[in-house]
Amino acid sequence: MVPIVVPDDIHALDLWCCASQGIDPADLMERASQSVSKAILTQIDALPADATILVAAGPGNNGGDGLCVARMLYLHRQTLHVVVSHVSADGLCSPLRRWANEQLPVAIEVATITDVVSRLQPDVIIDAIMGIGGTDECRDSVVDALVLLSSLDAFRIALDVPTGLNPTTGVAHPNTFRADSTVTISAEKLGFWLRDGPSHTGTVIVVPVGVEHAEQQLPTSVVRYTDDDYARLLPKRTRRYSKFDAGRVVVVGGTTSMHGAPSMAAHAALRAGAGLVHLAAPIIHALTPREVITHALPHHDDGSIAVSAKSELIALVSRASVVALGPGLGMNSDTLHMLASVIESLDQRIPIIIDADGLRLLPLLSATRPSMVLTPHRGEFARMLGVDARDLSTDAMALAHAWCQTHAGVLHLKDTPSVTQQADASVLTVNGTPRMATAGAGDILTGIIAGVVAQGVSTFEGTALASYLHAQAGVYASGGKVRPIVATDMLWALPHVMAHSLST
Numbered sequence: 001m002v003p004i005v006v007p008d009d010i011h012a013l014d015l016w017c018c019a020s021q022g023i024d025p026a027d028l029m030e031r032a033s034q035s036v037s038k039a040i041l042t043q044i045d046a047l048p049a050d051a052t053i054l055v056a057a058g059p060g061n062n063g064g065d066g067l068c069v070a071r072m073l074y075l076h077r078q079t080l081h082v083v084v085s086h087v088s089a090d091g092l093c094s095p096l097r098r099w100a101n102e103q104l105p106v107a108i109e110v111a112t113i114t115d116v117v118s119r120l121q122p123d124v125i126i127d128a129i130m131g132i133g134g135t136d137e138c139r140d141s142v143v144d145a146l147v148l149l150s151s152l153d154a155f156r157i158a159l160d161v162p163t164g165l166n167p168t169t170g171v172a173h174p175n176t177f178r179a180d181s182t183v184t185i186s187a188e189k190l191g192f193w194l195r196d197g198p199s200h201t202g203t204v205i206v207v208p209v210g211v212e213h214a215e216q217q218l219p220t221s222v223v224r225y226t227d228d229d230y231a232r233l234l235p236k237r238t239r240r241y242s243k244f245d246a247g248r249v250v251v252v253g254g255t256t257s258m259h260g261a262p263s264m265a266a267h268a269a270l271r272a273g274a275g276l277v278h279l280a281a282p283i284i285h286a287l288t289p290r291e292v293i294t295h296a297l298p299h300h301d302d303g304s305i306a307v308s309a310k311s312e313l314i315a316l317v318s319r320a321s322v323v324a325l326g327p328g329l330g331m332n333s334d335t336l337h338m339l340a341s342v343i344e345s346l347d348q349r350i351p352i353i354i355d356a357d358g359l360r361l362l363p364l365l366s367a368t369r370p371s372m373v374l375t376p377h378r379g380e381f382a383r384m385l386g387v388d389a390r391d392l393s394t395d396a397m398a399l400a401h402a403w404c405q406t407h408a409g410v411l412h413l414k415d416t417p418s419v420t421q422q423a424d425a426s427v428l429t430v431n432g433t434p435r436m437a438t439a440g441a442g443d444i445l446t447g448i449i450a451g452v453v454a455q456g457v458s459t460f461e462g463t464a465l466a467s468y469l470h471a472q473a474g475v476y477a478s479g480g481k482v483r484p485i486v487a488t489d490m491l492w493a494l495p496h497v498m499a500h501s502l503s504t
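The sequence shown begins at 1 in the working numbering and counts up one residue at a time.
Any given hint could turn out to be false.
Listed next, with one range per pair, are the computed distances between beta-carbon atoms [as the list claims (entries may be wrong)]:
#, residue 1, residue 2, range
1, Arg-232, Ala-398, 26 to 32 Å
2, Val-486, Leu-92, 33 to 39 Å
3, Arg-349, Thr-416, 31 to 37 Å
4, Pro-370, Glu-102, 54 to 60 Å
5, Ile-293, Pro-370, 25 to 31 Å
6, Ser-366, Val-486, 19 to 25 Å
7, Arg-139, His-76, 30 to 36 Å
8, Glu-215, Pro-370, 41 to 47 Å
9, Glu-291, Trp-16, 33 to 39 Å
10, Pro-105, Ala-398, 42 to 48 Å
11, Ser-345, Leu-287, 51 to 57 Å
12, Thr-416, Met-1, 18 to 24 Å
Note that these hints are calculated values from the structure, not bench results.
Here the structure is a predicted model, which is why all the values come from computation and not from measurement.
Just so you know, even glycine gets a beta-carbon here, dropped at the ideal spot from N, CA and C.
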């Protein structure tokens, strides 16, 4: 897991380093700047020995970090032409910023950004104007500096946070510094992944603050998953492992005209590692894998699952490790009421993944339950809330968090980024590609969630992990190219992604 934090978390960490560990603030700035400098030196290693580096330093502690980095870069490679430009809104500086300025070697040039633009062409620009204390609201002097910096053709590095980007909300000022890379201290900031963040941070490089065990003090209430989490969460398959150990998934959905959706979900559950997968639908799609155990259900004249299927469904889902309900289900009122009663009869301990038209069942249930996973996109979530989708906040995390304060279970809100939420724990999915925006992608995700949870992973961690694998499969299927993909491309990509995850 990679922790994702907000400014208050970093301020608390700084306080812990200084108050609890007895580290002087200036020493802490030095340690953090050393970590930043090492990361920057790696990035500029291929530049000419006499390359020009411009450090734009603001009046606060981020500016102090920038000045320390300028000094360290110069001392490491004294052939570098290091130029410092002071950017100040009111002429005042923080004490640490003044201290850092006093440490600058005389060989480092000090010039205004206007002067630099008129006579130099820097190879690298380091933005140390605002840092984590900044927001998307910038004073005129800062905006003027950002405009001038944007006119320079150089490799652009943001120190901690690009100036103009709100590190909490991801909202960006129109003139926000657009970084090729962001070297950030201790942890990724939440705003890097929300709204405008990804288009301004470039490659994010996290460096330690330089105090032993410091990063262990950071909260993990918001995280994102990596390949390590796949290896961590899925059970190891011993020699005596059987298909029954990998769980039994039952997929319920479809109509006579929408029989592809539940078929894809069942296929995805198999690909994700479920031992046995059943598919119950009015008609079985011809491309349903032979390994899926199929149950053709009676149907109404409109093609939806008939009410008379109730007893068969109750018997089927009662044997499941996980139930996935909703893909291609349709909106027949009688069908929905029947399936609501099937859910109410289900053992409370059996996880149930509800997606697509299955979400229309929620008003018919007595309550959500801890074993439920709901996977709406924004439009479906708006319907769950009884509001117009245009009235929803743009902050998916806030929406998901608010919902989980009053409802049991796991909510996976499909958005950019997607968020898996339970009570006060959030996992962001940030690793997908826009080329996954295609019909059936959500059905594939439903199946992957069911397949992962069937193997014994908790509904919360299983949903977050499945979303990560789903996104990785989309990236793999697209081949890093601009060509679009179809949902079933992710089915053949998934084993490759899972194999890679286990090997790293």
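Violated hints, by number in ascending order, as checked against the structure: 2, 6, 8, 9 and 11
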